[in-house]
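Number of protein chains: 2
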Amino acid sequence: MNNILNIGIFGYGTVGEGLAHVLKNSEGIKSQIKKVCVRTKNKERNGIPQSIITYNADDILKNKDIDLVAELIDDDNEAYRIVKQALINKKNVVSANKKMLAQHLQELIKLQKKHEVSLIYEASSCGSIPIIRNLEEYYDNDLIQSLSGIMNGSSNYILSKIFNENTEYSKALKDAQKLGFAETDPSSDVEGYDTLYKLIILTVHAFGVFIKSDEVFNTGISNLKAYDIKIAKQKGFKIRLIGQSTKLDDSKINLHVCPKFVDSKDQSYNVEDHYNGISINGKFYDNQFMYGKGAGAHPTGSAVLSDISALEYNYKYEYKKLNLNSNLEHSNNLRLHIYISFTNFDQIKNFNFIEINEQFKSSEHNYIIGKINLTELIKHKHIIEKEKLFIATI
Amino acid sequence: MNNILNIGIFGYGTVGEGLAHVLKNSEGIKSQIKKVCVRTKNKERNGIPQSIITYNADDILKNKDIDLVAELIDDDNEAYRIVKQALINKKNVVSANKKMLAQHLQELIKLQKKHEVSLIYEASSCGSIPIIRNLEEYYDNDLIQSLSGIMNGSSNYILSKIFNENTEYSKALKDAQKLGFAETDPSSDVEGYDTLYKLIILTVHAFGVFIKSDEVFNTGISNLKAYDIKIAKQKGFKIRLIGQSTKLDDSKINLHVCPKFVDSKDQSYNVEDHYNGISINGKFYDNQFMYGKGAGAHPTGSAVLSDISALEYNYKYEYKKLNLNSNLEHSNNLRLHIYISFTNFDQIKNFNFIEINEQFKSSEHNYIIGKINLTELIKHKHIIEKEKLFIATI
Chain U
1 MNNILNIGIF
11 GYGTVGEGLA
21 HVLKNSEGIK
31 SQIKKVCVRT
41 KNKERNGIPQ
51 SIITYNADDI
61 LKNKDIDLVA
71 ELIDDDNEAY
81 RIVKQALINK
91 KNVVSANKKM
101 LAQHLQELIK
111 LQKKHEVSLI
121 YEASSCGSIP
131 IIRNLEEYYD
141 NDLIQSLSGI
151 MNGSSNYILS
161 KIFNENTEYS
171 KALKDAQKLG
181 FAETDPSSDV
191 EGYDTLYKLI
201 ILTVHAFGVF
211 IKSDEVFNTG
221 ISNLKAYDIK
231 IAKQKGFKIR
241 LIGQSTKLDD
251 SKINLHVCPK
261 FVDSKDQSYN
271 VEDHYNGISI
281 NGKFYDNQFM
291 YGKGAGAHPT
301 GSAVLSDISA
311 LEYNYKYEYK
321 KLNLNSNLEH
331 SNNLRLHIYI
341 SFTNFDQIKN
351 FNFIEINEQF
361 KSSEHNYIIG
371 KINLTELIKH
381 KHIIEKEKLF
391 IATI
Chain R
1 MNNILNIGIF
11 GYGTVGEGLA
21 HVLKNSEGIK
31 SQIKKVCVRT
41 KNKERNGIPQ
51 SIITYNADDI
61 LKNKDIDLVA
71 ELIDDDNEAY
81 RIVKQALINK
91 KNVVSANKKM
101 LAQHLQELIK
111 LQKKHEVSLI
121 YEASSCGSIP
131 IIRNLEEYYD
141 NDLIQSLSGI
151 MNGSSNYILS
161 KIFNENTEYS
171 KALKDAQKLG
181 FAETDPSSDV
191 EGYDTLYKLI
201 ILTVHAFGVF
211 IKSDEVFNTG
221 ISNLKAYDIK
231 IAKQKGFKIR
241 LIGQSTKLDD
251 SKINLHVCPK
261 FVDSKDQSYN
271 VEDHYNGISI
281 NGKFYDNQFM
291 YGKGAGAHPT
301 GSAVLSDISA
311 LEYNYKYEYK
321 KLNLNSNLEH
331 SNNLRLHIYI
341 SFTNFDQIKN
351 FNFIEINEQF
361 KSSEHNYIIG
371 KINLTELIKH
381 KHIIEKEKLF
391 IATI
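Sequences listed follow chains U and R, in order.
Sequential numbering from 1 applies to the first sequence in the working numbering.
Sequential numbering from 1 applies to the second sequence in the working numbering.
Simulated from the structure, these hints should not be mistaken for lab results.
Careful, some of the hints might be misleading.
Any copy, or any two copies together, can satisfy a pair, since identical chains are not distinguished.
[Unchecked claim] Lysine-lysine pairs mimicking DSS-like chemistry, simulated, CA-CA at most 25 Å apart:
#, residue 1, residue 2
1, Lys110, Lys212
2, Lys90, Lys233
3, Lys110, Lys265
4, Lys283, Lys30
5, Lys320, Lys30
6, Lys24, Lys230
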């Protein structure tokens, strides 16, 4: 049944240190850290003895005593090389690198099969919420219709601060970084890329299709202005950054990442601070919701711990849906109800709305609420980015 | 890997019919219903051909073509006999009978091991929420500190109606029964026994201990009066019926079932209608919350479906924590902060409060808010029941 696992860790940042702490405080886990490979020399590292630190990847990758590699570094290219080599060298791998996984998952799934090892990555998506495991094990039938929610802890922390404490965007961002919620490069969090990567990973497990990131529209909260917040509040909404994956029909699926105006009936309305919350909608069970801490050393560390614990029992993802293979194709042909704000009407003069419900002009700012096809937004994505337009679905 | 499963169903009430409907609409599931055993003859049954109906249990239990028995009947004694015999006859079993499981789980776990079959029962607890699977697979380490929440859909439906629509208790109860949320005997729902059975089952998977139901204090919402609701509303609370299992220290655990005054910061505040919501608190990941439909034909049917789907892959609960065996013992030595209402002070004259925070007297009603040891409440349980006193924790 279960063996004592000897772990080699790559990276000793927030998550790595969190893992070491969590491991030390979990008596039930029959695992020990053998080696920790880091980049920067002569740096103080808490929670592990200096003797197990190495700067040479091969001390882990070629180490016959190590059964399990925990890849917890920021650099996605380096992470890809490490994970690939570890699988080839027949080691089980736990990874938390969503960007790397969202790019290379197809290849890595094949590799793990070929080399008869296991690659699992619960900590890559939504921190401590066991969402991948649930999609794999419990929502493994074809009833699921959509999956959506708050998948990025640091942008949600920022939105919470802005809405509940009237903190300014830049101050809230700095606080998030100080607390270790935000990534090294915050643009990935606030521009929706981090959410996008997680959404791609979750879609593999929810719907059995791997969608490339460049096919998916994403916009974030970095263009959010004070008056957008004022309008949202006036209308009784909070703003949340939502990733959404929806089956449009038997052959089409759409993924997109966009801020959303949510009212108090929406599950995500009450998800504050660095928490994440995922709604799963399906035939028969309707709406299900999972909530938990989405960022930070210990929540992410405990997600890695659960993966390590699963590997003690030789757990691997079955990818049942990917194997059954659905004929689902990605489509952006989808009507959205949006709020868009801008400083002058010229900026959006080429945006072809299906229907305009509200139009507001003032010396200070302007906005439109209306229906538009997602393909239209994609067509004008360069304008949205260049002119820093804020968009939210309603 | 996976075979086509031939299913024999016992019982064709709300859940049985829900399962047949869900199965018919799930293409991915490689299972078919071979036989359905029911008690009442000459009754119209939707969704299955007359030809597969039988009144003789042995047509399923001794049928070599049937691999999987789905036990979906109300009568816990009969359910026990069926499940036991099915396991002995080497059939995998899916059960939704919480009362039966809460009484016989220890014996049935041994039986399934002895006969090398699998007994799983996700549908027994919290309807469509995959709580047992998560406790088994994801929260399988020793970090978990407490588990609590709304586990009974019909009493929550009643409380929702009362709080949101000012419906009277008896009318709300009738509505719940009409909609098929309430059990045949509603006393189990409203007096907290249904919650108690589920809590016992969940505690096996969360903490690895089997606690007998007669050791656990439970009180429900059947004594709730109009003025209790008024007081709760005045103080900004809603009332929820909560089952709670808490590790008091390394060697003690407490289970109890009691209504609770919850404010808007409590996750269960927003759980309305026949939904259930479970909070899991643990070291490092802190609070996690799972939400979904807790009653009704299709949500429960889809939970049974997920179990059937798991059996296609030969899934079984590992009972890791039960195997590791904890030395946890049940203790009722726990200080509770409660609201208790009564018609005259004589009723509670023997209740020994640690501390009284509020005391209200009027011609219409009286209440006390204060701290009391749970052992005190247990000592006076006969008075609570006889005098129909309403108690809620705060």
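Evaluation of the provided hints:
For the identical chains of this complex, Lys110 and Lys212 are intra-copy neighbours only, at 17 Å inside a copy versus 48 Å across copies, given an alpha-carbon limit of 25 Å. For the identical chains of this complex, Lys90 and Lys233 are neighbours neither inside a copy (54 Å) nor across copies (61 Å), given an alpha-carbon limit of 25 Å. In the homo-oligomer, the alpha carbons of Lys110 and Lys265 never lie at most 25 Å apart, since the shortest distance is 42 Å inside one protomer and 45 Å across protomers. Taking the shortest Cα distances, Lys283 and Lys30 sit within 25 Å of each other only across copies (18 Å), while inside one copy they are farther apart (40 Å).
Taking the shortest Cα distances, Lys320 and Lys30 sit within 25 Å of each other only across copies (13 Å), while inside one copy they are farther apart (29 Å). Taking the closest pair of Cα atoms, Lys24 and Lys230 never come within 25 Å of each other, the shortest separation being 47 Å inside a single copy and 49 Å across copies.
In summary, the numbered hints that this structure violates are 2, 3, 6.
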